[in-house]
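Chains as they are written, first to last, in my numbering: chain A, 1 to 111; chain B, 1 to 135.
Don't take each hint at face value.
What the hints assert, rightly or not - 20 Å max Cα-Cα, derived DMTMM-like pairs, lysine to aspartate or glutamate: (1) 48/B to 6/A; (2) 43/B to 11/A; (3) 104/A to 47/B; (4) 104/A to 39/A.
To be clear, the hints were calculated from the coordinates, so they are not data collected in a lab.
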Amino acid sequence: MPGIMELITWEGLAFLFALFGIVVVRVLTGSLRTRGLIEGTTAGGSRFVSAGRVQLLIVTLVAAAQYLTQVWNSPQRFPEIPQNWLLFFGGSQVLYLGSKFHGKRNNRFHV
Amino acid sequence: MPVYSPSLVFLELLAGYIICGLVAIIGFAVAWKIATGHIDISKILTEKDGSPGGAASMARFQLLIFIFVIALSFFLVVISNIKIIQARPGDRGLPGLPEVPNGVLAVLGISTSGYAVGKAIQHGAGTGDDGEKKP
Chain A
1 MPGIMELITW EGLAFLFALF GIVVVRVLTG SLRTRGLIEG TTAGGSRFVS
51 AGRVQLLIVT LVAAAQYLTQ VWNSPQRFPE IPQNWLLFFG GSQVLYLGSK
101 FHGKRNNRFH V
Chain B
1 MPVYSPSLVF LELLAGYIIC GLVAIIGFAV AWKIATGHID ISKILTEKDG
51 SPGGAASMAR FQLLIFIFVI ALSFFLVVIS NIKIIQARPG DRGLPGLPEV
101 PNGVLAVLGI STSGYAVGKA IQHGAGTGDD GEKKP
């Protein structure tokens, strides 16, 4: 019979990976809509690839992968996030929101 | 270290296994309902943008990624701490639950604030309800 700690560990990991797997499968099969994730719309209704969204997506994925790697390698405690990473992440967010505000304000595009 | 009677240890283990089983059943039921579509998650990433059905929201996607990352990190750190406590039962300096650093809270704060600000911009920054520009 497995120890209770092993049981809890496998149970928790199985649940988290099951949820993650369901989301990934649904994204890949299209039943979870990701259409327009990196696109914006002009006032005329045509779609275009938004640089603001693309850079935010890249920064998000890189930051998440980097943090998860750190935790996986040394899970004794939460790793600190360096100050320059926070500035980088905040700057990326401001850039995206700035482009969103600019497009909305001038009624030219929506991102 | 205090010595417990075998029946108490057995009872503790039994209670642990029962709680583990209950949590597993609830977790499996939730995952199963999401997988089969009884819990609808098809629109968790979409926002209204005027197009039919809406478009995927970058802020929602970002929040989803961070929630997975923080949840998995928290789980791994808690399990690691418990293993350390079990290996050194007399050590009082070890924490029960890990402290979440300010940097992690800042990232989550930036992400959720970005979502809120994005919503505010989308729903009328600089425009009236009829879509006209405010002076």
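Decide if the proposed pair is consistent with the structure: residue 104/A and residue 39/A, CA atoms, cutoff 20 Å inclusive. Since the Cα atoms of residue 104/A and residue 39/A sit roughly 15 Å apart, the hinted pair holds (cutoff 20 Å).
Between residue 43/B and residue 11/A, is the straight-line Cα distance small enough, at 20 Å or below? Violated, at about 27 Å.
Regarding the pair residue 104/A and residue 47/B, is the alpha-carbon distance no greater than 20 Å? holds (16 Å)
Assess, step by step, whether the Cα of residue 48/B is no farther than 20 Å from the Cα of residue 6/A, and give holds or violated. Distance of about 44 Å is beyond 20 Å: violated.
When each numbered hint is compared with the structure, violations occur for hints 1 and 2.
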